[in-house]
Amino acid sequence: MSSRETVLGRVRRALADVPRTEGPDDVPVPRRYEHTHMPTEGPGATGAPVDLLAENLIDYRAVVHRADADGLPTLLCRLLAERGSTEVLVPPGLPPWWLAAADPVRIHDRAASTPDELDTVDSVVTGCAVAIAETGTIVLDGSPDQGRRRITLIPDHHVCVVRVPGQVVASVPEALERLDPSRPLTWISGPSATSDIELSRVEGVHGPRTLEVVLLTE
Amino acid sequence: MSGRTHLGMPAFPEAATSATRDARLRRNLRHATGTIRAKRAEAVAELPDWAELRAAGAAIKDRTLRHLDHYLEQLEEAVTAAGGTVHWAADAAEANRIVTELVRATGETEVVKVKSMATQEIGLNAALEKAGIRAYETDLAELIVQLGDDLPSHILVPAIHRNREEIRDVFRGRMSRWGRPAPEGLTDDPAELAEAARLHLREKFLRAKVGVSGANFMVAETGTLVVVESEGNGRMCLTLPETLISVVGIEKVVPTWRDLEVFLQLLPRSSTAERMNPYTSMWTGTTDSETADGPRDFHLVLLDNGRTDALADTVGRQALRCIRCSACLNVCPVYERAGGHAYGSAYPGPIGAILTPQLRGTTTELDASLPYASSLCGACYEVCPVAIDIPQVLVYLRERVAEGGEVTVRGQRTTIRPARGHAAERAAMRAARWALDHPGALRAGQRLAARTRRLHPRRLPGPGRAWTASRDLPAVPAESFRDWWRRTRDDRAEGDRR
Numbered sequence: 001m002s003s004r005e006t007v008l009g010r011v012r013r014a015l016a017d018v019p020r021t022e023g024p025d026d027v028p029v030p031r032r033y034e035h036t037h038m039p040t041e042g043p044g045a046t047g048a049p050v051d052l053l054a055e056n057l058i059d060y061r062a063v064v065h066r067a068d069a070d071g072l073p074t075l076l077c078r079l080l081a082e083r084g085s086t087e088v089l090v091p092p093g094l095p096p097w098w099l100a101a102a103d104p105v106r107i108h109d110r111a112a113s114t115p116d117e118l119d120t121v122d123s124v125v126t127g128c129a130v131a132i133a134e135t136g137t138i139v140l141d142g143s144p145d146q147g148r149r150r151i152t153l154i155p156d157h158h159v160c161v162v163r164v165p166g167q168v169v170a171s172v173p174e175a176l177e178r179l180d181p182s183r184p185l186t187w188i189s190g191p192s193a194t195s196d197i198e199l200s201r202v203e204g205v206h207g208p209r210t211l212e213v214v215l216l217t218e
Numbered sequence: 001m002s003g004r005t006h007l008g009m010p011a012f013p014e015a016a017t018s019a020t021r022d023a024r025l026r027r028n029l030r031h032a033t034g035t036i037r038a039k040r041a042e043a044v045a046e047l048p049d050w051a052e053l054r055a056a057g058a059a060i061k062d063r064t065l066r067h068l069d070h071y072l073e074q075l076e077e078a079v080t081a082a083g084g085t086v087h088w089a090a091d092a093a094e095a096n097r098i099v100t101e102l103v104r105a106t107g108e109t110e111v112v113k114v115k116s117m118a119t120q121e122i123g124l125n126a127a128l129e130k131a132g133i134r135a136y137e138t139d140l141a142e143l144i145v146q147l148g149d150d151l152p153s154h155i156l157v158p159a160i161h162r163n164r165e166e167i168r169d170v171f172r173g174r175m176s177r178w179g180r181p182a183p184e185g186l187t188d189d190p191a192e193l194a195e196a197a198r199l200h201l202r203e204k205f206l207r208a209k210v211g212v213s214g215a216n217f218m219v220a221e222t223g224t225l226v227v228v229e230s231e232g233n234g235r236m237c238l239t240l241p242e243t244l245i246s247v248v249g250i251e252k253v254v255p256t257w258r259d260l261e262v263f264l265q266l267l268p269r270s271s272t273a274e275r276m277n278p279y280t281s282m283w284t285g286t287t288d289s290e291t292a293d294g295p296r297d298f299h300l301v302l303l304d305n306g307r308t309d310a311l312a313d314t315v316g317r318q319a320l321r322c323i324r325c326s327a328c329l330n331v332c333p334v335y336e337r338a339g340g341h342a343y344g345s346a347y348p349g350p351i352g353a354i355l356t357p358q359l360r361g362t363t364t365e366l367d368a369s370l371p372y373a374s375s376l377c378g379a380c381y382e383v384c385p386v387a388i389d390i391p392q393v394l395v396y397l398r399e400r401v402a403e404g405g406e407v408t409v410r411g412q413r414t415t416i417r418p419a420r421g422h423a424a425e426r427a428a429m430r431a432a433r434w435a436l437d438h439p440g441a442l443r444a445g446q447r448l449a450a451r452t453r454r455l456h457p458r459r460l461p462g463p464g465r466a467w468t469a470s471r472d473l474p475a476v477p478a479e480s481f482r483d484w485w486r487r488t489r490d491d492r493a494e495g496d497r498r
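Chains as they are written, first to last, in full-length UniProt numbering: chain A, 1 to 218; chain B, 1 to 498.
Since the hints were made in silico from the structure, they are not lab data. Note that this is a predicted model, so its numbers are computed, not measured. Any given hint could turn out to be false.
When the alpha-carbon atoms are kept at most 20 Å apart in a straight line, the in silico SDA-like pairs for lysine to any residue are as follows [said to hold, decoys possible]:
id : chain 1 : residue 1 : chain 2 : residue 2
1  : B       : K204      : A       : G204
2  : B       : K209      : B       : G179
3  : B       : K204      : B       : E166
4  : B       : K209      : B       : A93
5  : B       : K209      : A       : R61
6  : B       : K39       : A       : R150
7  : B       : K130      : B       : A92
8  : B       : K39       : A       : T74
9  : B       : K130      : B       : A93
10 : B       : K209      : A       : G204
11 : B       : K209      : B       : I133
12 : B       : K204      : B       : R174
13 : B       : K39       : A       : R61
14 : B       : K209      : A       : D116
15 : B       : K39       : A       : D109
16 : B       : K204      : A       : R209
17 : B       : K204      : B       : T256
18 : B       : K130      : B       : H6
19 : B       : K209      : A       : D119
20 : B       : K204      : A       : D156
21 : B       : K209      : A       : P30
22 : B       : K204      : A       : T114
23 : B       : K204      : B       : G179
24 : B       : K39       : A       : L179
25 : B       : K204      : A       : D119
26 : B       : K209      : A       : T114
27 : B       : K204      : A       : R150
28 : B       : K39       : A       : D116
29 : B       : K204      : A       : S113
30 : B       : K209      : B       : E221
31 : B       : K39       : B       : A450
32 : B       : K130      : B       : L199
33 : B       : K39       : B       : D49
34 : B       : K39       : A       : R209
35 : B       : K204      : A       : S200
36 : B       : K130      : B       : D91
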């Protein structure tokens, strides 16, 4: 007997108390929790999700900037210059105008690029798939303006552009509705951190130690 | 090296006795658990619907467990369709064999690991070491434990028993044996320690060809695996290597994509007391184009190792709801004083006290002692995000240890005998049962006890001494309740009846 049969057989014997007629959907799951915790209309309104997103990002030590389409190229130029970056990783589908004013050399993530090569690049600029206000989270799904997961991991400085208000949702349930599970997803809430030393939070371990989020007004 | 296991650990009372005499350990634990307790309460209070999320989390897990065979088959199909390979392991030895062979097939002799309770449970690192494969732990706390040739003592923060000075000493003394040495003049500043870990592990991440992980959740309908972490070491191990092997307990499956909306709210706030942990990775099989994102080969090892035995127990089954947040450890007065090592398994604290005896059985003295490693104060149940009634299961398991009874061991129904050393307890229970069945004898006994109350000792003699070493015997009242009732109410009751 294969281990598959062994394990499944044990599971079925263990569940002898479950009536044969009961189907998985017959077990009730009460979903009385809120779909979002921030009503934006009516008496309980708590302001725009974009503002809460900014607040929560800052709370977890991300650096937040705001820009419109006219100001974005100069802002990105400034952020890279302040960092002293001479090279910047760019995903294949990053809108070229975003970096139109930036000086650093654009590095592309190719199939042959090794992690060691990418490790020499200072910064990366990407878009995102969705941002969650209540938790201060940005989610990347590998779309052309975000690139492969490794390019937002190896450089120490990640600049992520969020189009607001279109890409911002209030809550985790709203984010999952928008995301495609078949894509590789990375949820990012602030820079890399650890609580492993005396359970105190320290920012900066293996992922980018500086996360800058640009809220781009559409 | 990381060959240390929990084998041969003494029973909880002995281990706890020596742990509680370690003033430094107690100070470290009190500081760390106190910090996280307050933060967790704040993070939970932010969500007014916490009780509803908790109820939904418990119900989703119960639905999964009651139809686990269905969801495992669905998961297997989805993972396979997405390009992954699914393996089944009935026990630890089989899981270790599967992983060892998968690593060998790549021709590599080292792997990078994301912190994983399942691989800790099965002793994977020691098994790989025997096969000449070096496993590098990459979570900061796991690194501290591995470099220090130590054992983990907490689910979330395995090095919680170490303070910053001890961590600095471990880094200074041991890093060079494993790779890049600690920077010159390393201090005990947590930021510097984190930087030292970053530098030490970086070369390993960048050259790694094989990654080994666990998973927090597996979505049956989509075949998606989810790893929740903070440092980015998880992302490194999950995306840079060419081969990824994930060892995951069969109870980690959840039915639908939507179900994640419950657990991704419950888990971070319960474990690190954050609105959301810094990094969560989700992947579904492999992507097989030229510019594939992540590993080309993905293997999922589904681990039983006693889980189906726990599943067979309709009371103990709820322990399999656990999402390994560790909130119960942080609030437990016993854990805070005894520390995690005393529990003698990968799962310390209240959840370990009910999970370990179910996964491993209660045949060793250590495992039989675990259900007693609690004061039954109930704080663990209060904070559990999936509402596991830990005190209920503790009491239930105590009964099983003392009385014996029907259990499932490695899939076989069997009757275990009462544990040795509980004879006095059983005799007392038998005597109580007889007395309660014989009201006349009970009344006579109570009157006798009341009349002799001045002569009662404060401490029990003989085998009862241990019980009263830390407790006073309850004082016997001058008059029993039954006598008092009869004296004060019987007249009226008689009158009513007439």
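So which of those numbered hints doesn't the model satisfy?
Numbers 3, 4, 5, 6, 8, 10, 15, 17, 21, 24, 28, 30, 31, 32, 34 and 35 - these are the hints that the structure violates, sorted from lowest upward.
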